[in-house]
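Build the full structure now, drawing on both the sequences and the hints.
Chain residues, written in single-letter form:
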Amino acid sequence: MSEAREFKHIGQRTIRPDGFDKVTGKANYGADLSLPGMIWGAILRSPHAHANITKLDVSRAEANPDVLAIATFEDFPSVNAAAQRDGTQRDGMMDTACNILANQKVLYHGHAVAAIAARSEAAAIAALDLIDIEYEVLRPVLSIDDAISAQAPILHETMMTQGLAEPATKASNISARMELKKGDIEAGFAAADVIVERAYDTPTVHQGYIEPHATTVVFNENGPSMIWCPTQGHFDVRARVAQLLNLELGQIKVVASEIGGGFGGKTTVYLEPVALILSRKSGRPVKMEMSRGDVFRASGPASASQSLIKVGAKMDGTITAMQATLHYEAGAFQGSPMGPGCMTVFTPYDVENLYVEGFDVVVNKPKVAAYRAPGAPQSEFAAEMAVNELAKKIGMDPIEFRLKNAAKEGTQTIYGPKLKVVGLEACLEAAKASPHYNAPIPENVGRGLAAGFWFNIGGQSSVIINLNPDGTGTIIEGSPDIGGSRASMQMMAAEILGVAPSSLNPIVADTEHVAYNQTTGGSRTTFATGMAVVEAAEDIVEQLKARAAAMWNVTAEQVDFKDGVAHNLTGEDQLTLADICASAEKTGGQISGRANINARGAGPSFAVHICDIKVDKETGKTDVVRYTAIQDAGKAIHPSYVEGQFQGGAVQGIGWALNEEYVYSKDGIMENAGFLDYRIPLASDLPEIEAIIVEVPNSFHPFGVRGVGETGIIPPLAAVGTAVAEAIGQPISSLPCSPPKILKLLMSAQ
Amino acid sequence: MKSHISTTINGDPVEFLCDPSQTLLNVLRNDLGMTGTKEGCGSGDCGACSVLFDGELVCACLVLGVEAQGAEIETVEGVATHDQLHVIQEKFLEHAALQCGICTPGLIVSTKALLEENPSPTEEEARYFLAGNLCRCTGYDKIIKAVMDAAATMRQGA
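Chains as they are written, first to last, in this note's numbering: chain A, 94 to 843; chain B, -16 to 141.
In silico PhoX-like links for lysine-lysine, alpha-carbon gap of 25 angstroms or less:
| # | chain 1 | residue 1 | chain 2 | residue 2 |
| --- | --- | --- | --- | --- |
| 1 | A | Lys707 | B | Lys128 |
| 2 | A | Lys119 | B | Lys128 |
| 3 | A | Lys837 | A | Lys714 |
| 4 | A | Lys638 | A | Lys679 |
| 5 | A | Lys513 | A | Lys497 |
| 6 | A | Lys485 | A | Lys525 |
Simulated from the structure, these hints should not be mistaken for laboratory data.
Okay, structure coming up:
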């Protein structure tokens, strides 16, 4: 639909509207708000990975004159002892509450136990020592193998495995099992000439946003209480805090500050409800900040995983069957992204016979949060590694092998729908034509290639556009901007209204100034909120036509609106948007456009990455020497920020594949809770990341947009893994490919 | 017992009282309201709090407030003149070298230090000089392009 369209603003590389404030230090992030009379909150955290709290006495802290308020689990009215006793406990809130402030049991190193608010940050931290707490230490469960063994301590005595053929009869650390199938898996493997079967594992990793969680709140008995925080979804912060504290939505206003990275990790609440309890008790504004160590120990992370993959193919390259058994660590409470992991694992392939089984497993680590395409990097890593090994076995080029089996329009997915038009084949063709793939592989270098799939979502977005009497305007949206989306909103509205993008100021409004918006996640913002912006702008165009018609004494049907100018079809008259706005007073008052939508038709985005890696055979150190990321954007509204998503996703995936992992002692103490020891990629670790934008339009979006934020983190794990395997001449089955691990492989081969 | 400190920040004489244990970062952000300098780790690992201290690039989280006595400090707030952006800031915007922007103030200050020390860095030199400034969003590609372009533009202007 949009292939042949000419655009004036879309596809340009404009300067982002929030850019000036961000390069000058004026932009305000989570920790940047202070209020008169404000006090500071601090959190007491568990030094143990698994323990019963046998004593929690806050009386000494309460008696300290610097201490103005204390919060514990008992301060959550929706789930506390009284609510449990009276049967008024809110469903589904227990885990959230217990994660924010532990209830009788701590389940990971760093688990929050109690909070104190005092006149200064230093006083609050010092007062934590006045809390008398005693623990009965329990054996921690730190791996999937341990958690599912018969001897494992049970984390939650009432947790029964859901999704078994027969209902579970005793408590387990497996919270849920799921199964997906298509065709006849046995027959599929029977028809195969070659089969690859291998087990893979990936470590616990963190989203690693540079801005720690922080919040400033004011409780207000008589009006809405205010929560300021960096979040991907301020409406969801409002909902969760309301549920935890038994408040109505209208009693809370959440202001989304600028957000210093999220990647899925800022889609839940940690500090906000605690700060509001402290503010209510003290009558003061309260500010709380996590340290970097707290961020690692008690927020995020992403699931560690174990995957067993079996793939069979005929010698002509036709894949006949694919099978996976996937285990995901959920952390201390159920709810890993095992579901999307199972749904995405084989979706890049059009194969008749598929079988996938998934398990959600609790362990004594922090409760996992979403991380960019949650669940998919782990499972698709395993699948892509096996596919590459199989292609090599039958002697086919990995691109040709994928093209022969590629998912396309009409492919029946394992999870339900048939795919609409998708861009996997186009990405594979672009990879085949890329300078990188056609360059010879240098000596001592391994090359790896992998594909990735992510669904993308639509959902609810609400937008208002107000025009000013001089024709400038404001776009009021409610999707926190984590990567430059305000620039895209400005460009899409400008395209419809025919004005300069810079004449429209996009703002992310608080929960009181725009209707509900779903969280920024699922790569939905440019697609769904963008669609709402387009509809709101179209709403304005209709009004502009009616106003011009009124000024010309014709009907609205006799007015055309094009490139920012209304034309009288019965004569020669023209009026610019600014002219019409200037006369709005005489034609019915000022002009606003509005759209409240539930966007359907999100288009999946496929990607293909190519990676060259050099391995130092003496130390096991790896160097990425060349990297290319190719992905289908549908239509790139702002190509620079689309490339930025590809590049950023690629580098997070490279970090996951090469360096990043949580290191625990046998007692479950996290030993690398800082950026020095949990090493995310540095500028000096990387080459240029070549980004190639493929555009296979999504017909459900007015400009053809597909979300691009998440897919890019999926292919790097197997592209890197395969490149390392090629460089050292041995299979890779475990991430990260850190120097000690690679050195061990190299030495075992000698 | 708090110390009375007299210092210069972005050319302005500034006085403040600070506790001996307070970091310069804490003073800037919490006492002086200069929140342009960001805190990412508090341990000198991420570079989000990079400032120039008597012309030297430091992490403000590793400097004590009392050390600022008599010093000249430059923060991100001092890089632009009025509303005129510095070339480095312009190039960061042109090249889309930021996504969330939390690392940007530190990177702008570090890039300024780099280009004052070495007006013609190679890409590799730029990558190593800026290795102390973590960015999780961009993969550094566009940051390095912005830095190289800023260097070239500044050389032309010099």
